[in-house]
Every structure is written in structure tokens, then in C-alpha cells.
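Undergrad: Residue numbers (this note's numbering), protein chains in the order written: chain A, 564 to 746; chain B, 55 to 373.
Fair warning: there could be bad hints in the mix.
Stated by the list, open to error - Label pairs and their in silico Cβ distance ranges:
1) A:Arg737 - B:Thr63: 16 to 24 angstroms
2) B:Pro296 - A:Asp619: 25 to 33 angstroms
3) B:Pro146 - A:Ala581: 16 to 24 angstroms
4) B:Gly64 - A:Arg655: 30 to 38 angstroms
5) A:Arg655 - B:Glu329: 27 to 35 angstroms
6) B:Gly255 - A:Glu682: 54 to 62 angstroms
7) B:Pro84 - A:Ala581: 45 to 53 angstroms
8) B:Thr271 - A:Arg655: 33 to 41 angstroms
9) B:Ala356 - A:Ala581: 53 to 61 angstroms
10) A:Asp619 - B:Gly295: 49 to 57 angstroms
11) A:Glu599 - B:Ala359: 54 to 62 angstroms
No wet-lab data here; the hints were simulated from the structure.
Think of the CB as a built atom: it goes at the ideal place given N, C-alpha and C, for glycine as much as any other residue.
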Amino acid sequence: MTLSLHRTDRESAPTVDALVSRARAGDRDAFDRLHERYAALVHGVLLASAPPSDVDDLMQDVFLAAWRALPAGQEVRHIGAWLATIARNRARRRHAREHATSALPDDVAAAATPASPAEGGEILDAVRGLPSTYAETLALRLVEGMTGPEIAEWTGMTHGSVRVNLSRGMKMLREALERRGYS
Amino acid sequence: MNDYIWDKTGPPDPEVTALEEQLRQYRFDPERARPSAPRVGPLGLRPAGAPWWAAAAAAALVTVGLGLALHAPSTDATPYRVEVLEGHAPAPAALCVGDAVTCDEGARTRIHVGDIGSVELEPKSRVRVEPGRHDEDAGYRLFLERGTLRASIFSAPRVFQLGTPSGIAVDLGCVYTTTVDDDGRTTLRVVSGAVSFEAEGRRVHVPSGAECLATPTRGPGTPVWSDQSATMKGAVERLDGPPPIDETDLAFVLAADDPRDTLTWFHLLDHSQPEVRARALDRLLTVVSELDGRVDRDAVLAGDAAALTALRDELDWRW
């Protein structure tokens, strides 16, 4: 997937509000387009709190829940924030149910080997170990490839909040990886 | 903060680009994430390549007769194919109505269900093939006589149904585990998607992460979240039992304040005791304050189907 999937042609594409209204009326094409727009957002939010192996299943749950709720009259002020909320709930329930192990204890790897570059799995584990606000923003930026302004737009956060999350999140991620013995 | 981490302008930051490189493998890929799309039924109302969720969710909005996004039940005389995964499981390679698969201790089998998915049978389990119910568009029906079965089905809702001694699990597009013990008590746990567990006019919605205990005499019980405490599950099971109810159990079940517990409280609206129904509704309306003024209390307590459906539609996105 490339960034162009996030950047729709704003002058000709229907607005998000229009798509939500149409989806609420049962228009599946409109919901399909909402799915295209927000799938990466939902995917990133889920990756921030659930193992990658669970994410595809959880995405099903999230969009099914949204599909049922919209025509039922569910009020949605910001569709991206709403989908992210559903995603967090689903991930939290799955995590509690499966008692997913967290990443390695911070002090284990540090004593084992000299600092070495971390691989994707270890980095993602470290991201998931951060406070959820930072983990989600980092997942959207580093995994899904969204820019800060895009994250703000899709999630409904202010630019300032996203900046803080990126800055503090990167600092905490750096420290977490160093504690695990990675450079 | 450097520009690159913010909006990818300016010179690339080596630390950030290294992280991006390592994490790119986890990026959302719409083609990889989409499972094999179920074949569109004879009405062909959904274009090929449409997202998987459209099939699974269509029945929520479809009226009988339109048949949108229905998967045509297979006309193949032997739509079930058996694959022995482990141990000894005597069964024909292709199953017909009336055939059964029995897994001895240490045996596991996978039964491929047409082209809509598969079920896996655990050791010490037995399942048989039932005739399809084409009037309900249930082209595939199995009956779990005992043991544990895990279903991974991707089709239009209600196309696949799993019977048990305590009720029928109607697949709504999902992955779930069903266990039948020697007394016919059935525990249904849903891993992904949702199942409608039905018997004798009672229909229980079991979403992902929840479970439902059913008995041959009572049918499906009140669903609870699988990660609930044993105390909560025990209290719910006792509330589902014969009267009189224990006030302690009811108070415990209603004491939670997590909006997701509305799943359990909603299904208590079907309880035989009016007091249980009234207190469950009161608790629902207290915790979900935005429902205030939008619920016809009398109609819900009277069991009005439309009122209950409207209430469930307000709640179930929380599940």
C-alpha cells in the first residue's frame, strides 16, 4: 500500500461526512470507501496493542461492528476516532482473554549480548509496550507510513497532540530498545 | 522534533528510516489482508473483489426475498472433504448426509466445508452431516454430538449452521469453538466475528470474545465475556437456572459498570422473571446514559421484538 491511498482527490471525492451519511442509509459502496480510507488507521491502532497474528481477525470485528452500528443511528462525530475506539476495545478484550505476553522483560536482553540492531518483531514489541497513546501514534507513523498531519486528520487529534506523542514516543521507544540491548 | 518524523520533509532521519525499514513488513496491505472472497451467489449482486465483510454483514440489512450476497449452497453431492491431521479418525474422505467423523483420543481432523471454510475436530469428538436447510439458505449443516470443534467459516451469514444437543449455532461469518460434554451441555466461544446461538425460539447473539453455555433442557444461556471472572460466569449460570433466583447473584451481575457488560444485561431482558428484566434494563440505561429518552421501556419489558432489536442495535457496537 502506498500513501496515495490516504490522499484522496479532495476536489472530486465525496466528503467523509457524505460517505458516513450514505453508509448510514445502508449504502455498501459508501461503507466500502470508508473501509478503504480508514483500514490503515484501524490496522495501525490494532498493531499498537495486539500481536500481528491477531490483527486481521480484529479488523474484521471492527468493521463488522461499525457496519452494524451506523445504520442503527449511532452518532459519530469523527469517524476515524470512532473506528479507533472500537479497535481499542476489541484489542483490549482479545488481549485480556488471551493473556498475551508482553515483550521481553527490559533487563533480559541487555545482559545477553552487545547492542545490535533490533529487528521488526522486537521493535513492534517495544512499541506495544509503550503507553497506548504513544504506541498508536508511532504505529501509524512508523508502520503505516502516515505523516503527522495525516494522523491528526484521521484520528481527530490536534497537531500539537500528535507532535507530543511522536516526540515523547520516539524518546521512550529509543530508551526501551536500549534497555533491551538494541542499538 | 525534526521535520522528517513529523511530515517526512527535510533530510531523512537515519534513526527513523531504520525503524520504518524494519517495520514496513507489518504495514497494512489490502490485498494480503483480504481472505479469499466467497463466491457471489446466483443473483450476483455484489461485484467480485468486494470486501469480505460485506458478505458477513449483509443479512443484517437484507429482507427475505432479496437474497443479497448469498452464497449459493453447493450443488456438489459431497461438499465435505475430510483431512486427517493427527492420529486415527475413521471416516470417508468425502462426506454425505448421515456420515459421521469420529476422532479417537489423540486424533484431529479437518473437514473442509465446500469452499466457505473448514472445521477442525479435536480428540474424542464426533460430528455428523445433516441435510441442508435450503429454506433458510443453510446449505451446510453439521451436528456436533460430543467433543470440541473449531469453525473457521467465511461466508454469508446463516449459510453454515452447527447443531448441538443444546441448540444450533448459526454462523454469521466467524471463527469459534464449540464443546459438547457427555451431558450434552454446550459451550460456544467465539474467537472472531459473531454467532447466533438459537433454540426453541430463543436467539442469543455471541460476539467475538464472548461465550455462551447451553443445555439440552434450556437451550442457549446468557452470554458473558470469556475474560470475565469465574464468579461472574457462575452467577450468570445460576441466574439462567430454575427459579427462584439468588438476589446475591443478580446484584453481582448488575454491579459491574463496564459498558461492554451490556451484552450480558441485554440478554437478561429475556429472563423469565420480570424483576430480573426490569433491573437489567435499569442498569443498562444507567450505564449507557445516552440511551435515556430513546428507549421504549414498556415495550422492551414486554418483550416487543422491534423494541428489543432497536435497543440491541444501539448497544452492539460496544461489543
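Undergrad: Each of the hints needs a verdict: does it hold here or not?
TA: Evaluated hints:
no. : hint                                    : in the structure
1   : A:Arg737 - B:Thr63: 16 to 24 angstroms  : holds, 22 angstroms
2   : B:Pro296 - A:Asp619: 25 to 33 angstroms : violated, 43 angstroms
3   : B:Pro146 - A:Ala581: 16 to 24 angstroms : violated, 55 angstroms
4   : B:Gly64 - A:Arg655: 30 to 38 angstroms  : holds, 37 angstroms
5   : A:Arg655 - B:Glu329: 27 to 35 angstroms : holds, 33 angstroms
6   : B:Gly255 - A:Glu682: 54 to 62 angstroms : holds, 55 angstroms
7   : B:Pro84 - A:Ala581: 45 to 53 angstroms  : violated, 22 angstroms
8   : B:Thr271 - A:Arg655: 33 to 41 angstroms : holds, 36 angstroms
9   : B:Ala356 - A:Ala581: 53 to 61 angstroms : violated, 39 angstroms
10  : A:Asp619 - B:Gly295: 49 to 57 angstroms : violated, 39 angstroms
11  : A:Glu599 - B:Ala359: 54 to 62 angstroms : violated, 35 angstroms
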